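The primary structure of each chain is shown beneath.
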Amino acid sequence: NAGVTQTPKFQVLKTGQSMTLQCAQDMNHNSMYWYRQDPGMGLRLIYYSASEGTTDKGEVPNGYNVSRLNKREFSLRLESAAPSQTSVYFCASSPRTSGANEQFFGPGTRLTVL
Amino acid sequence: RKEVEQDPGPFNVPEGATVAFNCTYSNSASQSFFWYRQDCRKEPKLLMSVYSSGNEDGRFTAQLNRASQYISLLIRDSKLSDSATYLCVVKATGNNRLAFGKGNQVVVIP
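In the order they appear, the protein sequences are chains R and V. Residue 290, in our numbering, is where the first sequence stops; the numbers in between run on with no holes. Residue 185, in our numbering, is where the second sequence stops; the numbers in between run on with no holes.
By construction, these hints were calculated from the structure, which means they are not laboratory data. Bear in mind that the values here come from a model prediction, so they are computed numbers and not experimental data. The beta-carbon is built from N, C-alpha and C at its ideal position, and this holds for glycine as well. Treat each hint with caution, since some may be false.
To be verified - With a straight-line Cα cutoff of 25 Å, these simulated DSS-like cross-link-like pairs (lysine-lysine) come out:
| hint | chain 1 | residue 1 | chain 2 | residue 2 |
| --- | --- | --- | --- | --- |
| 1 | V | K77 | R | K233 |
| 2 | V | K154 | V | K120 |
| 3 | V | K77 | V | K120 |
| 4 | V | K120 | R | K247 |
| 5 | R | K185 | V | K120 |
| 6 | V | K120 | R | K233 |
What the hints assert, rightly or not - Estimated spans, in silico, between C-beta atoms of each pair:
| hint | chain 1 | residue 1 | chain 2 | residue 2 | range |
| --- | --- | --- | --- | --- | --- |
| 7 | V | D82 | R | R220 | 13 to 23 Å |
| 8 | R | G192 | V | K154 | 39 to 49 Å |
| 9 | R | M195 | V | E80 | 26 to 36 Å |
| 10 | R | R220 | V | E90 | 28 to 38 Å |
Could you put together the complete structure from these sequences and hints?
Quick look at the structure:
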């Protein structure tokens, strides 16, 4: 049982490049989330998927798109990367759609945009 | 006003001592409260949920004060392994998302 996995672990992009961050969970959880964490800012929600087939914007969605491919997988895409998107990205999942209980986090992707 | 506010610290604590810190939240409709622990360059992990009556898990005690809209975490007999950042997390009723504080950094000194 791997929990929440994320790929890649590290990535360096040039401004304007695109990439997709992958996330998968093997806990049969309904809800999945994408966060970014910046120094002094705490975790901020980018997008979430309360259940398979639905996605909603979080606090900072601009510049990102998501796809809930199936119950297991939730990807985050940067269409045209900007230096302001340099951050650590965490994917998380939760058993219930309300997200009221524990969220399990992946190990994170450290992204640098030059 | 930020949804969840924490004093980032660092809180430098001698090994074996007690440390306590608070977190304030702005939304009076908040119903679920948690403390997460995050080690350096790692992902956050749930430390404990915070219940209205307060709860204890070994050396860790969490309290909720709804009237003043804050939660607290107390760590007794601090160990070197307690060095981490402790994130205060709040969820409001009818909201599918969690709001995270910036964290309280604890450094336990030998």
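Hints, one by one, checked against the model:
At roughly 19 Å between alpha-carbon atoms, K77/V and K233/R fall within 25 Å of each other, so this suggested pair holds. Between K154/V and K120/V the alpha-carbon distance is near 18 Å, which keeps this suggested pair within the 25 Å criterion. Distance check on the hinted pair: K77/V and K120/V sit about 22 Å apart at the alpha-carbon level, within 25 Å; holds. For a cut-off of 25 Å, the pair hint linking K120/V to K247/R stands: about 22 Å separates their Cα positions.
This hinted pair checks out: K185/R and K120/V have alpha carbons roughly 18 Å apart, not beyond 25 Å. Restraint check for K120/V and K233/R: satisfied, since their Cα atoms lie roughly 23 Å apart, inside the 25 Å limit. Between D82/V and R220/R the CB atoms are about 19 Å apart, so this pair conforms to the stated range of 13 to 23 Å. Range check, G192/R to K154/V: about 47 Å between beta-carbon atoms, so the 39 to 49 Å window is met.
Between M195/R and E80/V the C-beta distance comes to about 34 Å, which sits within the given range of 26 to 36 Å. R220/R and E90/V have their C-beta atoms about 34 Å apart, which keeps the hinted 28 to 38 Å range intact.
The structure is consistent with each of the numbered hints, conforming to all of them.
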